[in-house]
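Q: Residues per chain are reported as follows:
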Amino acid sequence: MNVLRRDLVRNRRTFLIWTASIALLSVWLVSMYSSVAGPGTNIQQYAEQFPESFKKAFGLDRLSLNDILGYFGTEVHIMIILFGSIFAVLLSSSLLSREENEKTIEFLLARPVSRRQVVTEKLWAYTAYVLLFSVVVWTASYTAILMSYEGEFDAARFWALALMTTLVLLTFANLGFLGSVFITRNRTVFSGALGLVLVAYALQVAADTSDKLGFLKYVTPMKWAGAADVLTSGISGTYLVIMLAVNAAALVAMCVIYSRKDILV
Amino acid sequence: METKNLTKYYGKSRGIVDVNLRLAEGEIFGFIGPNGAGKTTTIRLLLNFIFPTSGSASIFGLDCVEKSTEIKRQVGYLPGEVNYYGDMRVRDLLEYSGRFYARDCSIRGRELAAAFDLNLDARIEDLSQGNKKKVGIVQALLHSPRLLILDEPTSGLDPLIQRRFFDVLLEENRKGVTIFFSSHVLNEVQRLCHRVGIIKEGRILRVDDIETIRAQQFKKVSVTFKAPSQEFAVGLKGVRDLVRENGTYRFLFGGDMDPLVKELAKRNVENLWIEEPTLEEVFMHYYEKE
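First to last, the protein sequences are chains A and B.
When you line the first sequence up against the numbering used here, it's residues 1271 to 1535, in that order.
When you line the second sequence up against the numbering used here, it's residues 98 to 387, in that order.
What the hints contain is simulated information worked out from the structure, not anything from laboratory work.
Treat the hints with caution; some may be incorrect.
[Claimed, not checked] Under the rule of at most 35 Å between Cα atoms (straight-line distance), these lysine-lysine pairs were calculated in the DSBU-like manner:
1) B:K101 / A:K1373
2) B:K297 / B:K164
3) B:K359 / B:K334
4) B:K297 / A:K1531
5) A:K1531 / A:K1326
6) B:K334 / A:K1531
7) B:K334 / B:K164
8) B:K164 / B:K109
9) B:K323 / B:K334
10) B:K164 / A:K1373
11) B:K334 / B:K363
12) A:K1373 / B:K297
13) B:K229 / B:K164
14) B:K272 / B:K297
15) A:K1531 / B:K164
16) B:K229 / A:K1531
17) B:K323 / B:K101
18) B:K164 / B:K101
19) B:K316 / A:K1531
20) B:K109 / B:K297
21) B:K323 / A:K1373
22) B:K334 / B:K317
23) B:K297 / B:K229
24) B:K316 / B:K334
25) A:K1373 / B:K109
26) B:K316 / B:K297
27) B:K317 / B:K359
28) A:K1373 / B:K229
[Unchecked claim] A few chain B residues that don't get close to chain A, going by computed Cβ distances all over 10 Å:
29) D115
30) D184
31) E269
Computed from a predicted structure; not experimentally measured.
Virtual Cβ for every residue (Gly too), placed ideally from N, Cα, C.
Okay, chain B solo, but in the shape it has when bound (with noise of 0.2 Å):
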């Protein structure tokens, strides 16, 4: 999946503007950014639900305008609100989103019920969003798709499903799917994905293995000293917010590890933890630097 220049505006309000995006086959991507950054409108564009203003984005090397129906055929969606006819049983939908595809996918539509312990009788208007996101899920993957469009998939879901869901995807994508998903929620990527694209009002930030991200960045460290009165890394370089509380030294380091460990060893240090920070943590800085 590739886009170039991807841009859209809705008249004269921005959508999305120069969006370049590079997925190789097989790979987890996950699209990061605070909500009404571009990461929908970038999906819909990659869907052909929505005509780009200018650049282009293909899938499997076909054009998303011109081969939309060819690369549907290889495609899985989830949206972020899953909407499905409430006049039908799950049964019906997916037997109907199955007849769309040459293949038969019954088997598998009973099995991904099973798995994600789906009630096939139920009638989706009486559906809870939850359920309704169970079907979106089951009928994304019915049809063994090549490549997996996720948006906000875990909304919504409880933490046992979400654990059950993630499990079905790295199972799939051990099978060579590529899978591609929108989140706003840090923790999922930082389980899941291989790289990390962050958007933020329509641009791409930056795009990045999720390793190098948190390699570059801070290492959370929380010091204690027996003798607490003693002042500590004042003008030590690469100290961001330092926060001493009850002897206790708190404060983000992204500077040269060598400095601060000598600093350390001239004093008497009862605890030290020095600790990988969540993307949650990583992210929130970069937000704000930007």
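One chain only, chain A, in its complex shape (with noise of 0.2 Å):
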């Protein structure tokens, strides 16, 4: 409990203000959508103008700007999960590389607690803020769209979505995690959280604008929260067990490595 506390304080004003930013961000784009749009408004014509390709990338094939969770899903989804996501690599690859960049970690592994112990207390460390992040955002967002929205909508679609998009940032999280045993220098650590993000965006959107790279789907966990395959099919059985997969191997490699590391400070 000793490291894990540590790290919640430590990263405590880290976590606020990604927090509150993408909160508030959520918040104010939502909130905007009652002023260009309402019942009786046709602003998905204005969508239907995009090239085809451009209109798959952003899911506006399948979702429609005409109701609040087709606006929600394109406009803002997108940008939770993207920050969300480098929040969370961001995070978790922080917490052991940061112990060898600053050669703490000589100090941590001289007290009696064992390596699995700290892999165990840091992992606890990110999910729990991970978790928070996902409750503060989604219960921001949600609402924001009652009090701005006079429409109907789908609220057990829209905690789908939450609820996937979470799994995904902890996904995310996990395999940052992994991550921060082969690399520890700190600006490389950056750039390699950055880069992951962005790659499985990347190959997210290549999954859903091109037929021939339909595959990428299993392999980018940005594509397994996609607000039009969620929105508009409900949760993917198929994906939860890639994504529990794909975790369970990240963590159980994470501790097999770390237990049997050289740590040279």
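Assembling the complex is the task here: the two chains are given apart, and the hints tell you how they should meet.
A: Next up, the structure:
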């Protein structure tokens, strides 16, 4: 509990800043919707003018801007999942790599605490913050929709998207955590984290726009919480299974590799 | 504490090779060698920061890899270069450290901090290297360990604090604490240690009682004669590094004392010094010889 508590305190500010910014941004984007659209207006017609592949990339082929969830899925969700993933990866990958960078790992490992224990507590630290991030951001978004939108919407679909997105953020966090065993230099960690998320996003766009590259949907976590997919066809069991497998593999690999790693600082 | 053929290679480059050490409970052991000889590697292996390529090490009869966590409950470690969380205050760090051990360390923490004149409210990032080292010392002693592993403990400490530190170490040793420390500053070994192990290029050259090392080795002899032109000591067995300077002969003497005294007795001696060499001098010779 000692390491967990320390990491929660240490990353409190980072967590607060990210969570507050994304939550506010989401609330602001949602509340903008009622000023541009509402019952009786047709803003989807503007979207229709875009080229087909562009529409596909944003999910506008399957979602309509004429209802709030369509707008949320195409305009707001992408921002939550992109920035959320970056936050998750940066947080999880920093926990161990920072100890090595600043050479405090020597202090930590000289305490009577096993490496597995250290890994487990750090895992809980970022999992807690990623979950809290999700709870705050999605609750804020939901509240914003309730407050500003007068029409009907399918709350179950909204929360399904929230759930899948949260799981994807956790997946990114776990991958980042695993990556931090191999990459420990500060600057490299940062660009690695950013790269992971952006490449995943690029792969999702490729999977959505090209039939030939459709298989990529099994590769990129971003696609597993694609708004157009979840909002039109609900939670996919296939993606859940893949996600479970990826996360389990990442965490087991993490534990095994880290408990045998030479720590040279 | 014991190591058996402990060997560590970093890829192809050598860490240490076949290190065999055995420390008895309650002794102070000095681990001496030049930089890069493998002192820190040995310590990291003992603490399981790194894994041995071959061989094994044990502390309190427990294997250093398998039972590392149990071992660390009773080990205090002072790293050569102290790095702590910059955002913490000294008090936070000591509390954080203390919470890992199943005993209340707060009183001892305050005593030690007072003994070393440490400001508990200072931020760690604002501390000088010497003050960080003091935090390191307090942190290593905090939980009353049975074994202290100290890597270059005195670098960066001023002489006053260094003396206080040694007093504390001797005090701990009287209570039965075993101390293993590495150094390349030989005078500190001389003051503290019961036994000394010398490591060079990853291998242990020898392990000896500090007295044996000094006894076996040379005496430093300086002699001045009233009639300065006399030839002296040429051809005498055991004389090394003979220098003649303004009528004073200086040399290291490692042979039988009796012929030397008899040789001196034949002459008119004005002044004579026979001194113990410092360990520094002993080891310099040792390194050069090997």
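Q: Which numbered hints does this structure break?
A: Hints 5, 6, 7, 17, 19, 21 and 30 not satisfied by this model.
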